Amino acid sequence: HKCKTGAVEEVKHEETEHKPEGEEEHENHEDKEGEDHEGEDHEGKDHEGNEEKKPEEEVTEKKEEKKEDEDEDDDAPKKQEKIYNVIRKPFKGEIEVEFRAVFDIMKEIIEALSVEQSERCLKYYLELIGVINECDPEKELDEDTYDLFTKVLEIYQNDISDADQKVLTISLIGGALEKTTCMSEDNYDGIAGHTASSSGKLLKKYDQCLAVLSSTHLFFNDHYKNETRVMECFKKALKITDAQFNSSSNAKNFHLYLAILNKFLYFFDHDDFTSIKPDDVNKCLEMIKGKLEKVKDEKKHKYLNATYQYINIKKGEKERYGEINI
Numbered sequence: 169h170k171c172k173t174g175a176v177e178e179v180k181h182e183e184t185e186h187k188p189e190g191e192e193e194h195e196n197h198e199d200k201e202g203e204d205h206e207g208e209d210h211e212g213k214d215h216e217g218n219e220e221k222k223p224e225e226e227v228t229e230k231k232e233e234k235k236e237d238e239d240e241d242d243d244a245p246k247k248q249e250k251i252y253n254v255i256r257k258p259f260k261g262e263i264e265v266e267f268r269a270v271f272d273i274m275k276e277i278i279e280a281l282s283v284e285q286s287e288r289c290l291k292y293y294l295e296l297i298g299v300i301n302e303c304d305p306e307k308e309l310d311e312d313t314y315d316l317f318t319k320v321l322e323i324y325q326n327d328i329s330d331a332d333q334k335v336l337t338i339s340l341i342g343g344a345l346e347k348t349t350c351m352s353e354d355n356y357d358g359i360a361g362h363t364a365s366s367s368g369k370l371l372k373k374y375d376q377c378l379a380v381l382s383s384t385h386l387f388f389n390d391h392y393k394n395e396t397r398v399m400e401c402f403k404k405a406l407k408i409t410d411a412q413f414n415s416s417s418n419a420k421n422f423h424l425y426l427a428i429l430n431k432f433l434y435f436f437d438h439d440d441f442t443s444i445k446p447d448d449v450n451k452c453l454e455m456i457k458g459k460l461e462k463v464k465d466e467k468k469h470k471y472l473n474a475t476y477q478y479i480n481i482k483k484g485e486k487e488r489y490g491e492i493n494i
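If you use my numbering, the sequence shown closes out at 494, no skipped numbers anywhere.
Warning: the hint list may mix true and false statements.
[Unchecked claim] As a list, the in silico DSS-like pairs of lysine-lysine whose alpha-carbon atoms are at most 27 angstroms apart: (1) Lys-372 with Lys-457; (2) Lys-420 with Lys-307; (3) Lys-404 with Lys-372.
It is worth saying that the hints were derived from the structure and are not from the lab. As the structure is a prediction and not an experimental result, all values here were calculated from the model.
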């Protein structure tokens with residue numbers, strides 16, 4: 169057996185040695201071509217077996233993606249404007265139903281919170297009134313707005329006890345009411361009268377006078393004008409000031425007379441306000457000069473001098489100021 173095996177191996181060795189050179193080159197050439205084809209296939213695919221994209225294709229795709237992003241950015245302001253226009257539309261059809269539903273939900277939430285956080289809810293009510301005022305030019309929520317202001321005044325009277333906090337809160341209520349245009353004149357006048365009355369019930373006389381003077385703007389503004397109510401506020405403020413000054417004739421209380429004079433001049437400067445005449449301003453000036461003599465503080469009052477300077481400037485601008493005697 170061993171001899172036969174050795175003979176076979178010798179025969180194979182001889183065949184290999186005597187193999188023609190042409191055949192060897194042909195086989196080597198075929199092997200190289202196979203390797204080249206495999207290399208080309210490998211270059212056309214990535215490591216996962218997917219076809220790789222050419223540089224030109226990648227640049228084109230990136231440009232398309234960038235263009236889509238720019239189109240989305242351009243559409244964003246249009247979408248916002250569309251949403252804004254929907255909100256600002258008058259209440260018709262579905263818009264009315266949706267808004268009233270949202271209004272009811274907000275009102276219920278604030279009412280639930282008011283049990284434990286009444287002062288904070290007062291501000292929430294005023295915020296809600298501001299939203300209604302922006303979205304209800306047709307005054308369709310007139311009664312709802314009136315009810316909200318009623319709740320605000322109830323919280324002010326029943327749940328706020330600190331004197332300084334009351335001063336700030338009544339000023340906040342007055343400022344919100346002055347801007348409110350979504351109520352009928354009757355409802356507005358009722359709330360304005362209630363607010364002015366509350367201003368005159370503050371703890372300190374000094375605060376009462378200034379708050380009542382501020383209430384004059386509730387009765388004479390761009391959307392509501394009632395000169396009679398304005399003059400009632402002036403009379404009440406003067407009455408409070410006289411009582412305060414008679415009890416203590418100091419510079420601080422004298423300041424209240426100057427506040428009344430300047431508010432007088434504010435309405436006197438309006439051409440459409442006819443209830444204040446030049447003679448009324450002169451009487452107010454004479455009263456102030458008489459009170460000034462009783463002031464114990466001998467320092468020159470800058471507020472009074474600034475008021476005199478303002479009147480002199482106005483004399484060169486409007487004829488009606490010419491009748492005022494300083």
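Structure-based check of each hint:
no.: 1; hint: Lys-372 with Lys-457; result: 25 angstroms, holds
no.: 2; hint: Lys-420 with Lys-307; result: 44 angstroms, violated
no.: 3; hint: Lys-404 with Lys-372; result: 15 angstroms, holds
Comparing the model with each numbered hint stated earlier shows that hint 2 is the single one that does not hold.
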